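Engineer: Using the sequences and the accompanying hints, generate a full structural model.
Residue numbers (numbering that gives the first Met the number 0), protein chains in the order written: chain A, 0 to 265; chain B, 0 to 210; chain C, 0 to 253.
Hint data in this document are derived by calculation from the structure and do not stem from the laboratory.
Any given hint might turn out to be false.
Claimed, not checked - Capping the alpha-carbon separation at 20 Å, the derived lysine to aspartate or glutamate pairs in EDC-like fashion look like this:
hint : chain 1 : residue 1 : chain 2 : residue 2
1    : A       : K184      : A       : D118
2    : C       : K249      : B       : E14
3    : A       : K165      : A       : E63
4    : C       : K27       : A       : E36
5    : B       : K16       : B       : E58
6    : C       : K17       : C       : E165
7    : B       : K200      : C       : E245
8    : B       : K179      : A       : E53
9    : A       : K254      : A       : D28
10   : B       : K200      : C       : E165
11   : C       : K217      : C       : E73
12   : C       : K27       : B       : E172
13   : B       : K179      : A       : D8
14   : A       : K168      : A       : E121
Unchecked claim - Which chain B residues stay away from chain A? Per the calculated CB distances, all over 12 Å, these:
hint : residue
15   : D76
16   : E109
17   : E155
In this text the structure is predicted, and so the values were computed from the model without any measurement.
Just so it is clear, CB atoms sit at the ideal spot from N, CA and C, and this is done for glycine as well.
Each chain, letter by letter, is given below.
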Amino acid sequence: MRSAVLENDIQRVIELARKGERVDGRKADEMRPLKVEIGFAENAEGSAKVTLGETVVLAGLKVEVGTPYPDSQDEGSISVGAEALPLAHAEYESGRPSAYEVEVSRVIDRGLRESKAIDFKELCIKEGEAVWVAYLDIYALNGQGNLFDAGSIAALVTFQNSKMPKIDKENKIVKGEYSGSIKLKRLPLLTTFVKVGGKIFTDPSYMEEKAAEARFSVATTDDDYMSAMQKGHGGSFTVDEVNYMIEEGFKNTEKIRKQLKKDKLL
Amino acid sequence: MTKQIVIPGELISDERKRLGSNVFVSEGKIYSKVFGITDKQNETADVVPLEGQYIPRSEDAVIGIVDRVIFAGYGIDINSAAKSFIPKSAMRNEIRLGDVIAAKIQGVNEVKEAELTYPKVLSRGEVIEITPVRSPRLIGKNGSMLNLLQEGTDSEIFVGKNGRVWAREGNIELLKKVVKFIDENSYKSNLTNAVEEFFKKQKVKTNGKKS
Amino acid sequence: MEKKADYKKSKKRLDDRKMDELRPLKIKVGVIPNAEGSAYLEWGQNKVYAAVYGPREALPKHTANSLKAVVKVEYRMTAFSVPERKRPGPNRRDQEISKVLSEALAEAVFVEQFPNTEIGVYVEVVDSNAGSRVACLAAASCALADAGIPMKDMVAATGVGKAYGELVLDLNKDEEDAPDAVDIPIAILPNSEEIVLLQMDGLLTKKEWEGVVRLGIKGCKQVYEVQKKALQEKFVLGEAKTKDLEEKVKGAKE
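Structural biologist: Given below as C-alpha cells:
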C-alpha cells in the first residue's frame, strides 16, 4: 500500500548513512533518550513502562506455582514473551507471533537466562513438589524501532522491582500478600546495532531497521560478561565490526545501568 | 474569543443556519460530526477539523507518489484510503516507482477512487508530511502563508491538500521546522503574523551577519 | 473471594462510594504517536489503551463492504492485567467483547462516508478490576474522535447493576462477586440516549431494571463529560507565538 513512500524514505536513510549521518541527527554510537517507570500494573507481580526515543514498551511479571521438571527437581523457571501489538504500528498484525516477535522474545530470554542473573534454585518452594514459574510478558505500545533493547530494559527493571506472593502451607498463593522478591545476581542488558549504508548505528529507529543490511544484538552484564549474541536480518559483519559492537555494548549498557541506578530503579 | 472546540455529536446551533462542512442536522438542530473548531457567531454552521485523514475532493491539488507500475498505467498513493490511478496515455514521459507528482483531483467515483488530471513530475526536492486536515494553513488567505514560506526559505514549494508539501532548494531544513510549527499550532490565531515576525527577525539576523 | 456486606444497612459501598458514584476516571488522548487517533484511560484500577488505524483499505478483500466502512474492534488483555496470568492469544471472551464493541461503535460512526474501507480499533487492557469492556469502549470512542473520524455522537459507556441489596453504578470486582450481583455493561449515544451496547449477567426484576437503566444512562452521561474534557484538553486555544517558533528552530539546530 504505502510501499513506494517507504522506499523513498529508506533511500534517504541509506544516503545519509553513507555520509555517516542519521535522520534524527544522532551520532552513530548514540542511543535515544530513555525513560523508565514502574508499577503501573497492580495485578502484576512487577511491571515497567520503557520509552526509548518514540518506542514504548510495557512489561509485566506474573508468577505461578508449578511442578518442577523431572531433571531439575529443585529449580523454578522463567519464560519471556514479546508481542508487537497491532496497536503499536499500522504494519503490525494480530494473530500468531511473527518470526520477528519470536526472535525478540528468545533473544531477551537468552540474555537473562544465560547470564545466570536469576538463580533458579531460589525459585524452589519445595523440592520435587512446588516451584515458582515466572512469566515475563512484553508488549510494544508504539513501535519506532528496537523492541530488543527496550524490551530488555523493561524485563530487567521488572524483575528487579518485583514482589513475590506469599504462599500458604498448601503451596497456594495468598492473594494480596507478598513476601520477598526475585534477587538478580547480575544485570544483563541488550544493545542492538544495524548496518546501514555500510555504517554501524547503535539503537536503530524504525526506519533504520527497515533500511538495514544486517542487525546484531549483544547482551552484556555489569561484571564484564557477555551473555548472549544474535546476528539477525541477513547481511554480514566483519570481525572488526563485531568487536566494535561488543565494545560499544559494554559502554552503552554501563550508561543505561548508571541512569537506572540514579533513578533508583536498579 | 468566539471560537470553541467541539466534539462529535456536540450541539452547534438550535436555530436554522446555513450549513457548512462537517455538520449534520437532527430534529431541527445542527451538530458537529467531528472533533474540531467552530465559531458559533459565524452565520454558517461550520466545523474545521482538528484531526483527520485526507478525503479526496474534486479540484484539490495533491502530491502523489507512484506506488505501482503496470502495463496500463500507474497507481498513485495520495495519502488517503482512496486509491488513484493515472493511465500511461496521460503521462508524456514514463515515470517510475517512488516518483513524486503534482496533480489535480478530477473526480471521485462511487467506489472512492480518485481520478487525477494534469499530472506533473516534481523532480528532486523533498516531500514533507503534515496532518492532512491542516494543509490549508500552509497556504493561508490568498496564499499569504505560502508566500512567507517561499520568501523566508528561498525554496520552491508546492503544497498539496493531502497533507504533503514538496520543496526544492533553499533552506529545506528550516522549512521543515516551520512547517512542523504550523502543523502543531494550526488551530491558534495570529499564526500568519507569528510566522511573518519570525522570518523578519531571521532576515535581520542574516543581514546583520553579512555586515 | 466473596466479601460480606449489606448495602441497604450500611448506605455506603465497600470502597466508600455512594450508590450512584463512579470510580475515579481519567482520560488522555493522542498518546500513541503511530496511530491516527488514540487514548489512554484509567477507571478505578482499570488501565486501557485504544488506538485507531483507518479508514484504510479493508483486507482481506472479502471483508470489504461496498456501501460502508467496516468498524473492526480487537479487544485484548495483556497476560499481566489480571490476578491470574492470562495465556497469550484471544480467547472466546475476547472475541465476544470485540464483536459487541465493534457493533456499538459502528452505530456512531458515519460509515457510509467510507465505503470499501476498514476502521481498525485496537484496545488493550493492561490492568483491570471489573468493567474493562466499558472502559475500552469509552477509550475507543475518544480515539475515534482523535483520529478525526466523523460520528453522530460519542459512545459513552459504564457498568451498572446490583450488589449487596442495592442498585449500584460501576461495580468493582468485590461487588461483581457479591452473591446477588447483577452486572450490566451499557453504552449510549448521549444526545438521543439510544442504547448501543447492553449485556447482562444475573437475576433482575422488571422493576429493578427500570431503576438500573436510569442509573446507567446517568452514569454514561458522567462518562461523556470526562470524554469531552479529554478531547478539549488536547488543544489550548490562543495565539501562536513567534518566540515558540524561534525556540523550535533553535532547539532543533543544536
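Engineer: Work down the list of hints and note, for each, if the structure agrees.
Structural biologist: For each hint, the structure was consulted:
| no. | hint | result |
| --- | --- | --- |
| 1 | K184(A) to D118(A) | holds, 7 Å |
| 2 | K249(C) to E14(B) | violated, 49 Å |
| 3 | K165(A) to E63(A) | holds, 11 Å |
| 4 | K27(C) to E36(A) | holds, 18 Å |
| 5 | K16(B) to E58(B) | violated, 27 Å |
| 6 | K17(C) to E165(C) | holds, 11 Å |
| 7 | K200(B) to E245(C) | holds, 9 Å |
| 8 | K179(B) to E53(A) | holds, 17 Å |
| 9 | K254(A) to D28(A) | holds, 12 Å |
| 10 | K200(B) to E165(C) | violated, 68 Å |
| 11 | K217(C) to E73(C) | violated, 27 Å |
| 12 | K27(C) to E172(B) | violated, 32 Å |
| 13 | K179(B) to D8(A) | holds, 18 Å |
| 14 | K168(A) to E121(A) | holds, 18 Å |
| 15 | D76 | violated, 6 Å |
| 16 | E109 | holds, 21 Å |
| 17 | E155 | holds, 19 Å |
When held up to the earlier numbered hints, the structure conflicts with 2, 5, 10, 11, 12 and 15 and fits the remainder.
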